[in-house]
Structure formats: C-alpha cells, structure tokens
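In order, the protein sequence lines correspond to chains D and F. So the first sequence is residues 0 to 253, counted in numbering that gives the first Met the number 0. So the second sequence is residues 0 to 326, counted in numbering that gives the first Met the number 0.
It cannot be assumed that every hint is accurate.
List time: in silico EDC-like cross-link candidates among lysine to aspartate or glutamate, alpha-carbon distance up to 20 angstroms [to be verified]:
| id | chain 1 | residue 1 | chain 2 | residue 2 |
| --- | --- | --- | --- | --- |
| 1 | D | K20 | D | D46 |
| 2 | D | K144 | D | E27 |
| 3 | F | K28 | D | D130 |
| 4 | F | K28 | D | D100 |
| 5 | D | K144 | D | D100 |
| 6 | D | K144 | D | D186 |
To spell it out: a stretch of chain F is covered by chain D in this simulated footprint if at least three of its residues, at any positions, have a beta carbon under 8 angstroms from a beta carbon of chain D; those stretches are [stated by the list, open to error]:
| id | segment |
| --- | --- |
| 7 | 199-212 |
| 8 | 241-252 |
| 9 | 256-266 |
Hints were generated in silico from the structure; no laboratory data involved. The beta-carbon is built from N, C-alpha and C at its ideal position, and this holds for glycine as well.
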Amino acid sequence: MGFFTDTSICIGCKACEVACKEWNDVPEDGLNFLSTSYDNTGGLGADTWRHVAFIEQPIQVAAVGDNGVRWLMSSDVCKHCTHAACLDVCPTGALFRTEFDTVVVQQDVCNGCGYCVPACPFGVIDKRESDGRVWKCTLCYDRLKSDMEPACAKACPTQSIQFGPLDELRDRAAGRLGVLREAGVADARLYGADEDDGVGGFGAFFLLLDDPEVYGLPPDPVVTTRDLPRMWKAAAGAALALVGAVAAACARPR
Amino acid sequence: MTGPQDRSHGPDAGSGYYGHPVVKAPVWKPAIALYFFTGGVAGASSTLALAAGLTDNRRLARSALVASAAGIAVSGPLLVADLGRPARFLNMLRVAKPSSPMSVGSWILSAFAPASMLAAVCDVTGRLPRLGRAAAAVAGALGPAVATYTAVLVADTAIPAWHDAYRELPLVFAGSAATSAAGAALAFTPVADAGPARRLAVIGAVLDVGAFRAMEHRLGEVSGPYENGRAGRLARAAEACLAAGAMLVPAAGRRRSAAVAAGALLCTGSLLTRFSVFRAGFESAADPAATIRPQRRRMEGTERPPVTTPTPGSTRARPTSESTVDP
Numbered sequence: 000m001g002f003f004t005d006t007s008i009c010i011g012c013k014a015c016e017v018a019c020k021e022w023n024d025v026p027e028d029g030l031n032f033l034s035t036s037y038d039n040t041g042g043l044g045a046d047t048w049r050h051v052a053f054i055e056q057p058i059q060v061a062a063v064g065d066n067g068v069r070w071l072m073s074s075d076v077c078k079h080c081t082h083a084a085c086l087d088v089c090p091t092g093a094l095f096r097t098e099f100d101t102v103v104v105q106q107d108v109c110n111g112c113g114y115c116v117p118a119c120p121f122g123v124i125d126k127r128e129s130d131g132r133v134w135k136c137t138l139c140y141d142r143l144k145s146d147m148e149p150a151c152a153k154a155c156p157t158q159s160i161q162f163g164p165l166d167e168l169r170d171r172a173a174g175r176l177g178v179l180r181e182a183g184v185a186d187a188r189l190y191g192a193d194e195d196d197g198v199g200g201f202g203a204f205f206l207l208l209d210d211p212e213v214y215g216l217p218p219d220p221v222v223t224t225r226d227l228p229r230m231w232k233a234a235a236g237a238a239l240a241l242v243g244a245v246a247a248a249c250a251r252p253r
Numbered sequence: 000m001t002g003p004q005d006r007s008h009g010p011d012a013g014s015g016y017y018g019h020p021v022v023k024a025p026v027w028k029p030a031i032a033l034y035f036f037t038g039g040v041a042g043a044s045s046t047l048a049l050a051a052g053l054t055d056n057r058r059l060a061r062s063a064l065v066a067s068a069a070g071i072a073v074s075g076p077l078l079v080a081d082l083g084r085p086a087r088f089l090n091m092l093r094v095a096k097p098s099s100p101m102s103v104g105s106w107i108l109s110a111f112a113p114a115s116m117l118a119a120v121c122d123v124t125g126r127l128p129r130l131g132r133a134a135a136a137v138a139g140a141l142g143p144a145v146a147t148y149t150a151v152l153v154a155d156t157a158i159p160a161w162h163d164a165y166r167e168l169p170l171v172f173a174g175s176a177a178t179s180a181a182g183a184a185l186a187f188t189p190v191a192d193a194g195p196a197r198r199l200a201v202i203g204a205v206l207d208v209g210a211f212r213a214m215e216h217r218l219g220e221v222s223g224p225y226e227n228g229r230a231g232r233l234a235r236a237a238e239a240c241l242a243a244g245a246m247l248v249p250a251a252g253r254r255r256s257a258a259v260a261a262g263a264l265l266c267t268g269s270l271l272t273r274f275s276v277f278r279a280g281f282e283s284a285a286d287p288a289a290t291i292r293p294q295r296r297r298m299e300g301t302e303r304p305p306v307t308t309p310t311p312g313s314t315r316a317r318p319t320s321e322s323t324v325d326p
C-alpha cells in the first residue's frame with residue numbers, strides 16, 4: 000500500500016499537515032515565518048511528517064507580461080522506499096518493513112543512535128531532541144491495521160493525496176500524466192513511480208510539474224547501501240594495509 | 000500562457016528549494032569524532048602490541064596493550080553518551096545486521112573491548128599470562144577491523160562528501176589509526192625499544208596524508224568541505240601536525256623528550272584528521288548543490304546506474320524476519 004501525491008491538483012491548504020499532526024500527536028514544529036512563500040514548516044523532520052512546499056515561479060502570461068506567477072504546491076512525505084537506507088543501517092532493528100510494505104520505527108526499540116538520519120537520501124527521518132528517538136511518517140500504521148486510510152489522504156480535499164495499492168496508483172498516475180501532457184503541460188512527470196530507480200521505487204510517489212530539485216527533492220536518489228559491498232571491500236583492503244604497516248614496522252624487533 | 004522559465008538549469012541550478020539542504024546533517028555530537036580517534040588508537044595499538052609481542056619486544060608490547068585498553072575504555076562511554084536513549088545501548092546487540100556498519104561495529108567492539116582490557120590487565124599484573132596472551136591475540140586480530148569499520152560507517156550515508164569517499168576513507172582511517180597508535184607508543188616506551196613505533200609513525204603519517212589527498216582529488220566537485228571552511232582548516236592543521244611529528248622521529252630515536260613531543264604531535268594530527276572528516280560531512284549535507292548536481296549529471300549523462308541486489312531485510316519483494324513486528 001502507498002501514496003500517490005498528484006501535485007497538479009494540490010491547493011496548498013495544509014489540511015494534510017494538520018490531519019497528520021492531529022492523528023499522530025506530532026508535537027509543534029515551530030511557529031516561524033521563513034520567507035519561503037506560504038511555507039512555514041520548511042521541510043520534513045521529526046515533528047513534520049507531511050510538508051507542503053510552495054514555489055512561486057515567475058512566468059510570462061499574455062495578460063500581464065513578465066509579471067506572471069506560477070504557483071507550485073506539493074505535499075511531501077516519507078517515500079517508504081523499496082530499498083530503504085534508514086532500515087538498512089538501523090543497528091537495533093527498530094526500523095522495520097510492515098505487512099503493508101511501509102517502513103516504520105518501533106519507538107519501544109529505537110535507542111536514538113541517529114544513523115538513519117544522514118542515511119536517508121531524501122532527508123526525511125530526524126531525531127526529536129526532546130525525546131532522543133527518531134520519528135517519521137508511519138503511513139498511519141495504526142489506521143491501516145484498522146482498515147482506514149492514512150489521515151492525510153483522508154483529509155485532502157482535492158484528492159491530491161491518494162492512498163491505495165501501489166500498482167493501482169501507478170496505473171492511475173500514468174493516466175493522469177497522459178491527460179496533463181495532452182492538455183499541454185509538457186513539464187509534468189512522475190517521480191518515484193519507476194521500480195528500477197536507485198531505491199527500487201517509492202511507496203509514496205509523486206506527479207510533479209517541474210524538476211524534482213525545484214521541490215527540494217533529489218533528482219536521482221540511490222540507496223547508499225547499494226555500494227556497501229564495495230565499501231566493505233575497501234575497508235578490508237585498508238585493514239590489510241594496516242597489518243602490512245605494522246608488520247613492516249616490526250620487521251626488526253627494536 | 001507560455002511555459003515557466005526553466006530556472007532549474009540556470010546559474011543556481013543546485014540551490015534547490017530555497018537553498019534548503021536535501022539530505023539531513025548527522026545528529027552525532029563531536030564525541031563521535033573523538034571516538035573515531037580513540038577507537039583508532041585502540042585498534043591499531045592492539046595490532047602493534049601483538050606484533051611486538053611476537054617479536055619479543057615486551058616493553059613496546061606493554062605500552063601498546065595499555066594504550067589499546069585506555070583507548071577502548073574511553074570509547075564505550077563516548078558511544079553510549081551520544082545515544083538519544085543511552086539506557087537502551089544494549090539494543091545494539093538485539094540483532095546482527097550486515098547491512099548496518101553500526102551493527103557490525105557493535106559486535107566487533109563487544110568482542111574487542113573485553114579482549115583488549117583483559118590483555119592489558121594480565122600483562123601489567125603478570126597474572127594469568129596464557130589467558131593474557133590469548134586475549135592479546137584476539138584483540139590484535141580484531142584491531143584492524145576496529146580501526147577501519149568507522150570509515151564504512153560514515154561512508155554508508157547519503158552525505159556526498161562521506162559516501163563518495165568510500166574508496167579512500169578506510170585508508171585515511173587506517174593511516175590515522177596507525178599514526179596515533181605509534182604516537183602513543185613513542186611517548187610511553189623507552190627509546191631503545193621504540194624502533195617499530197618510530198617506523199610505524201612515518202608509514203602511518205604518509206598513508207594518512209596520502210590517502211586524504213587522493214580522496215580530495217578524486218571527489219572533484221563534492222570535495223569542497225575537505226578543502227575549504229572549517230573542515231578544510233582542520234585538514235591543513237592535521238597535515239602540519241603529522242609532518243612536524245614525522246620530522247621529529249629521527250630525534251625521537253635519541254631523546255625521550257623528542258619522542259614524547261613527536262608522539263603528541265602525531266596523536267594531535269590523527270585527532271584533527273578525524274575531526275576534519277567528521278566536520279566535512281556536516282558541511283556537505285548543508286549544501287544542496289553537493290547532493291543535486293552529481294545526481295543531475297548522472298541522470299543526463301548516460302543510463303541509470305544498475306540496481307544491484309539489495310541487502311537483506313530491506314526489500315519489499317523478499318520479506319525477512321525483520322518484516323513483521325517484534326512481539
């Protein structure tokens with residue numbers, strides 16, 4: 000199960016942010032004016048599990064010339080990667096894959112080592128300093144267990160956030176992309192719908208209207224553990240070099 | 000309406016969303032950089048002690064055993080103190096996960112630390128000499144792993160200056176560990192018995208500086224933090240200390256005072272190397288361009304990089320025992 004977030008119909012109401020906070024009892028994440036359009040949460044973190052990005056792009060419109068604005072809005076969320084770096088590097092097994100194929104932190108196990116934080120290629124998971132443990136979107140694990148859809152999808156008034164089986168959502172997204180392309184929205188593209196990408200496809204993917212980096216998303220994320228065998232090999236070589244250095248130094252006993 | 004101006008490929012192509020970082024900086028405190036140093040001292044010292052013992056240099060073996068035990072005794076508290084929930088440190092041994100360098104490291108340390116401390120206690124007190132020698136052998140064999148796994152630990156992240164350096168970082172850490180172990184041994188061993196430590200000091204310093212420079216060179220556009228800013232200054236200071244320490248080595252073969260000074264300089268250089276690498280990760284994470292630009296180039300260059308077999312426990316298609324809730 001997963002999310003398809005169709006940003007072309009997001010209206011920036013932030014109902015998803017509020018519903019997520021209400022349902023999951025997520026603490027306040029700062030009442031700040033960030034001078035970043037209508038965005039005052041900045042990005043995903045321990046206390047922000049849905050984040051609505053606002054981008055005001057200057058464009059040319061026939062009626063007003065150079066003064067046109069295109070407003071991009073997108074509700075970001077944990078991607079629930081198929082190959083999840085956070086889960087791979089977690090040393091306690093606190094992060095696990097659920098029966099819904101989502102990635103969730105077991106809060107009674109997490110010891111706050113923080114390894115998952117820099118491992119995530121999207122900068123999603125973070126440590127809550129007041130608490131010592133890491134937190135992120137659970138895709139409303141408790142609601143899924145009760146056959147309810149996640150709080151954000153339930154609250155979304157435009158169905159920009161859609162919840163369902165991933166293959167169904169991918170079909171729906173491909174259809175929507177076709178409609179947009181036909182209507183002349185050439186920059187529309189799916190992000191994270193490809194199972195052959197560097198994280199094996201997202202459990203929460205998107206329809207974007209510009210390059211991913213414009214929304215603060217990495218254009219070609221790769222799970223860091225893909226290179227882990229090569230890293231261990233490099234470390235084995237270095238360990239041997241250390242043995243060689245010590246052996247050479249001790250070739251004469253004094 | 001015409002299309003939007005394509006700003007994403009313009010002059011500030013890498014600035015992303017209001018310049019916000021794409022990946023999160025680590026939440027690790029400087030205690031972790033200090034641990035990279037103390038763990039390096041401990042790991043390389045135990046290997047030096049084993050080699051010195053095998054070549055019948057008892058004085059050198061003893062100072063290296065004590066340095067190893069001291070290094071690892073400090074390391075444990077540093078690691079536990081950095082946890083958000085220190086009382087849960089034993090959860091590190093709840094599972095064994097090859098896909099997590101921190102899990103692998105926890106298991107290595109839990110074998111190494113008792114062996115290292117036992118070897119030192121037996122050697123200094125003269126009790127249970129055979130048990131002591133066995134413990135020293137275990138610690139000496141695990142030492143190189145203790146000294147280098149930390150490089151994999153930082154490389155196995157999404158931070159460009161760490162991840163992309165995965166080829167050279169283990170060599171940097173191995174060299175840095177050798178230098179610090181040699182420095183500690185120089186300072187605490189009589190001149191007549193410290194010959195191997197002096198040679199190891201020079202080899203380690205050359206390895207540390209050489210691998211660091213090679214890393215900067217190969218990293219290209221994401222090497223910025225290692226060259227500029229605070230991490231860059233730390234790296235230059237490390238090089239200066241290592242060069243000065245290595246130049247004092249000949250004098251250290253004549254006078255104990257010079258040996259102590261050389262040892263202090265070499266250990267300081269090793270410590271600064273660790274802090275430079277640690278700091279560079281934070282600076283690299285803070286820069287959205289360091290994440291975005293190489294990915295964008297990879298995308299527009301050739302085909303997608305091949306997806307290799309994922310590590311166990313991470314795959315949607317192949318659920319493992321990790322896939323269900325623990326009772």
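Structure-based check of each hint:
1. A C-alpha spacing of about 8 angstroms is found between D:K20 and D:D46, which places the hinted pair at or below 20 angstroms, so the restraint holds.
2. For the suggested pair D:K144 and D:E27, the alpha carbons sit about 26 angstroms apart, so the restraint of at most 20 angstroms is broken.
3. Between the alpha carbons of F:K28 and D:D130 the distance comes to roughly 16 angstroms, so the proposed pair stays at or under 20 angstroms and holds.
4. Using a Cα cut-off of 20 angstroms, the hinted pair F:K28 and D:D100 is violated, with the two alpha carbons roughly 33 angstroms apart.
5. Restraint check for D:K144 and D:D100: the C-alpha separation of about 13 angstroms stays at or below 20 angstroms, so the hint holds.
6. Of the supplied pair hints, the one linking D:K144 and D:D186 is violated, its CA atoms being roughly 37 angstroms apart against a limit of 20 angstroms.
7. Counting residues of the segment 199-212 of chain F whose beta-carbon sits less than 8 angstroms from any beta-carbon of chain D gives 4, enough to reach three: the coverage restraint holds.
8. Requiring three or more residues with a Cβ within less than 8 angstroms of a Cβ of chain D, the coverage given for the segment 241-252 of chain F is violated, as only 0 such residues are present.
9. Look at the segment 256-266 of chain F against chain D: 0 of its residues bring a Cβ nearer than 8 angstroms to a Cβ of that chain, fewer than three, so the hint is violated.
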